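Listed in order, the protein sequences are those of chains A and B.
Quick note on this note's numbering: the first sequence kicks off at 1 and runs consecutively.
Quick note on this note's numbering: the second sequence kicks off at 1 and runs consecutively.
Keep in mind that the hints were calculated from the coordinates and are not lab data.
All values reported here derive from a predicted model rather than from experimental measurement.
Fair warning: there could be bad hints in the mix.
Said to hold, decoys possible - Mimicking DMTMM-like on lysine to aspartate or glutamate, the simulated pairs with C-alpha atoms at most 25 Å apart in a straight line are:
hint, chain 1, residue 1, chain 2, residue 2
1, A, Lys24, B, Asp403
2, B, Lys17, A, Asp105
3, B, Lys17, A, Glu151
4, B, Lys171, B, Asp54
5, B, Lys17, A, Glu106
6, B, Lys17, A, Asp150
What follows is the residue order along each chain.
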Amino acid sequence: MSEIKSKNAIIIETNHLYKTYHSKVETPVLFDVNLRIHAGEFVAVMGQSGSGKSTLLNILGCLDRPSRGTVHIDGQDISRLSDDELARLRRERIGFIFQAHFLLDEFTCLENVLLPVLIRYGYIPAKEKEGAIALLKRVGLAKELHKTPDEMSGGQNQRIAIIRALANRPVLLLADEPTGNLDSKNGKEVFALMREIGEETGVAVVMVTHDDRLALEAHRILYIEDGYLGERDRVLSAPGSPGIMPVPSFSRMNA
Amino acid sequence: MRNFALTLALRHLRSGKGQTLLTISAVAAGVIIVVFISAIVFGIRKSVMAMLTDVLPHITVETAEEKAVPLARSDPAPGLTTSRIEKQNPQRKFLGNWSHDVEVIRGIAGITAVVPVVMGQGILSHGGKQVGTQITGADPESMNTVISIGKFLIAGKYHGMRSDEIVLNYKSARDLGVATGDRVRFAAERHSASFLIAGIYDPGRNAVRAEYITLRPAQSLFETGSAVTLILIKGESLYRSDALADRIATLLPVQAKSWSREFPDVLGSMNAYDASAYLISGFSLVASGFAIASILIVSVVQKGRQIGILKGIGATSRQIMTTFLLEGLFISLIGSVSGAVIASALILVLGGLRQPASRPGGIGELLFPSDLTWQLVASAIASAIATTVLAAALPARQAAHLDPAEVLR
Ligand SMILES: Nc1ncnc2c1ncn2[C@@H]1O[C@H](COP(=O)(O)OP(=O)(O)OP(=O)(O)O)[C@@H](O)[C@H]1O
Ligand SMILES: [Mg+2]
Numbered sequence: 001m002s003e004i005k006s007k008n009a010i011i012i013e014t015n016h017l018y019k020t021y022h023s024k025v026e027t028p029v030l031f032d033v034n035l036r037i038h039a040g041e042f043v044a045v046m047g048q049s050g051s052g053k054s055t056l057l058n059i060l061g062c063l064d065r066p067s068r069g070t071v072h073i074d075g076q077d078i079s080r081l082s083d084d085e086l087a088r089l090r091r092e093r094i095g096f097i098f099q100a101h102f103l104l105d106e107f108t109c110l111e112n113v114l115l116p117v118l119i120r121y122g123y124i125p126a127k128e129k130e131g132a133i134a135l136l137k138r139v140g141l142a143k144e145l146h147k148t149p150d151e152m153s154g155g156q157n158q159r160i161a162i163i164r165a166l167a168n169r170p171v172l173l174l175a176d177e178p179t180g181n182l183d184s185k186n187g188k189e190v191f192a193l194m195r196e197i198g199e200e201t202g203v204a205v206v207m208v209t210h211d212d213r214l215a216l217e218a219h220r221i222l223y224i225e226d227g228y229l230g231e232r233d234r235v236l237s238a239p240g241s242p243g244i245m246p247v248p249s250f251s252r253m254n255a
Numbered sequence: 001m002r003n004f005a006l007t008l009a010l011r012h013l014r015s016g017k018g019q020t021l022l023t024i025s026a027v028a029a030g031v032i033i034v035v036f037i038s039a040i041v042f043g044i045r046k047s048v049m050a051m052l053t054d055v056l057p058h059i060t061v062e063t064a065e066e067k068a069v070p071l072a073r074s075d076p077a078p079g080l081t082t083s084r085i086e087k088q089n090p091q092r093k094f095l096g097n098w099s100h101d102v103e104v105i106r107g108i109a110g111i112t113a114v115v116p117v118v119m120g121q122g123i124l125s126h127g128g129k130q131v132g133t134q135i136t137g138a139d140p141e142s143m144n145t146v147i148s149i150g151k152f153l154i155a156g157k158y159h160g161m162r163s164d165e166i167v168l169n170y171k172s173a174r175d176l177g178v179a180t181g182d183r184v185r186f187a188a189e190r191h192s193a194s195f196l197i198a199g200i201y202d203p204g205r206n207a208v209r210a211e212y213i214t215l216r217p218a219q220s221l222f223e224t225g226s227a228v229t230l231i232l233i234k235g236e237s238l239y240r241s242d243a244l245a246d247r248i249a250t251l252l253p254v255q256a257k258s259w260s261r262e263f264p265d266v267l268g269s270m271n272a273y274d275a276s277a278y279l280i281s282g283f284s285l286v287a288s289g290f291a292i293a294s295i296l297i298v299s300v301v302q303k304g305r306q307i308g309i310l311k312g313i314g315a316t317s318r319q320i321m322t323t324f325l326l327e328g329l330f331i332s333l334i335g336s337v338s339g340a341v342i343a344s345a346l347i348l349v350l351g352g353l354r355q356p357a358s359r360p361g362g363i364g365e366l367l368f369p370s371d372l373t374w375q376l377v378a379s380a381i382a383s384a385i386a387t388t389v390l391a392a393a394l395p396a397r398q399a400a401h402l403d404p405a406e407v408l409r
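Let's have the full structure, built from the sequences with the hints guiding it.
Below is the structure:
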């Protein structure tokens, strides 16, 4: 592990973040988002379809830039970074898990896991390879090491994608509906794996999900509605409360 | 392998077998056309030029054409006027001062061979058979430096030929039914003489019928006295003969005819051949470039998501760009080298084919005269590589500029 983050280290900090898409029509998506996420936190992001969850995640993952406001990732103001520096930040500090598993068919399971290492170093150090094999074994993919993604199930692919996201030991793991394409059993397994690894490595996890039961397992639940980001009251998820609760109040967050 | 772009490029080529093969074939096809067409065109040029060099003098010097000179001035001795006109007018003019002319011409830079000759028409006969032909009398050693008779000999000798000997063209010998050692009679307008056949030469099916004797008997046959009818000249370069001819004409009161002015079509068609070779080569390279560019553009579009993921997990734009440029480079390397090998093999096979021989036991001329040089192959490969990498640049840029947020939506 490159750095061990103390529990209090701030991994994500946004200040008055706005995002408006300027295509044919102006689409304002995010308004005044002030967010702070610490190392080791497991945060769920919820909201209606089209509410801006992916937009937020893309900005946090440095794939997109905010229209206004600042974003600090692991202490770095991303608006000051060049494209190459952003690529490097993504490579070394951030792990991204996409909704569909998005592995490369040209590479085997093991190679896919090691892609970020390959991108970073140009080759695969033996130590990294051993680590990846150990992780793959742990998630039950010992026999699949040399299969290609099209020879494996969706759940297996997504588990590989998770391990890939952790390959460079990031401080931040972003997951955009990682269980969206999986059945509930596989979804639960994948979710459990993320939590487990998150807790072990102290990585901050931000996960978009539509699944209330999974969200309830997070440390915090963020909710986007009408462009505003709010934090859902944890009380609502108290045992015995059935199904989805109406959101009683939105406090503009200054967490 | 210590490079991500290189690893990815090779994986792409391996996994996209169909596309890879298609693009490699496009490059190979371009190179095959370039190498094949150029080798054939240059081969034709080379064989035409060799033919010209072997059987044609570059420059022919004759006496200046009769000018309208006032009789009073041209004739210092009154009374002799009538006889002079009678004697000279119906006859051809000769080069009386040829040894001086030869000296002067030899002194001009760029001239390699000068030979004074007597050339005329007549009838060759043997045992009742006759053929009309042209005969040239010259010193064999000098003559051979201008027209390579020795090279075309199929029987007997040319060098060291005696004054009562003759070297016959294969066609004349065939028509008369004679061989070396036989005697033939040559009849000019007023005189005739018998010659022993010293040798037979065969310059190929397209050459004119011409026989060779030594200078002195030719001078007697055509009544030139000690004069000659022509001076034949060879220069260092086939292409500088116009300038050399002009130089001779300014130095001497003679007519100097350059081969390229006598046969303007030859140079013109050579240049047209060359131009079309370059044009066809250029077009086929451009065409294969477009084919490659469009295949690669499709492949970049197909790989859009993958490119987005790679950027998402930290690949830089430069790494992505390098990947696609490397793919172009590999395609062009494999394609152009295999194209060059195929084209060369084709040329070597076709280059062995010959036309039917012009005489029994002879060797026919090449069906595809070709000039395959390593320079030609190397430049075809180099230009195909340049074209392909250029064609790959557009898709590579396109890939590098893909917005990951856009493609991963
Ligand atoms: N490139 C873009 N140009 C214009 N509008 C966009 C663009 N990307 C997203 N949007 C709009 O921004 C809004 C938020 O999109 P986003 O993808 O963030 O939603 P989401 O919460 O992830 O939805 P889902 O749950 O369906 O994935 C949507 O209204 C969408 O139409
Ligand atoms: Mg989304």
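Tested hints:
1. A:Lys24 to B:Asp403: With Cα atoms ~18 Å apart, Lys24 (chain A) and Asp403 (chain B) stay inside 25 Å; holds.
2. B:Lys17 to A:Asp105: Satisfied, since the Cα-Cα distance of roughly 13 Å is no more than 25 Å.
3. B:Lys17 to A:Glu151: holds, 19 Å
4. B:Lys171 to B:Asp54: Holds - the C-alpha atoms of Asp54 (chain B) and Lys171 (chain B) are around 18 Å apart, at most 25 Å.
5. B:Lys17 to A:Glu106: holds, 12 Å
6. B:Lys17 to A:Asp150: Roughly 17 Å separates the two Cα atoms, so the pair holds.
Of the numbered hints stated above, none is contradicted by the structure.
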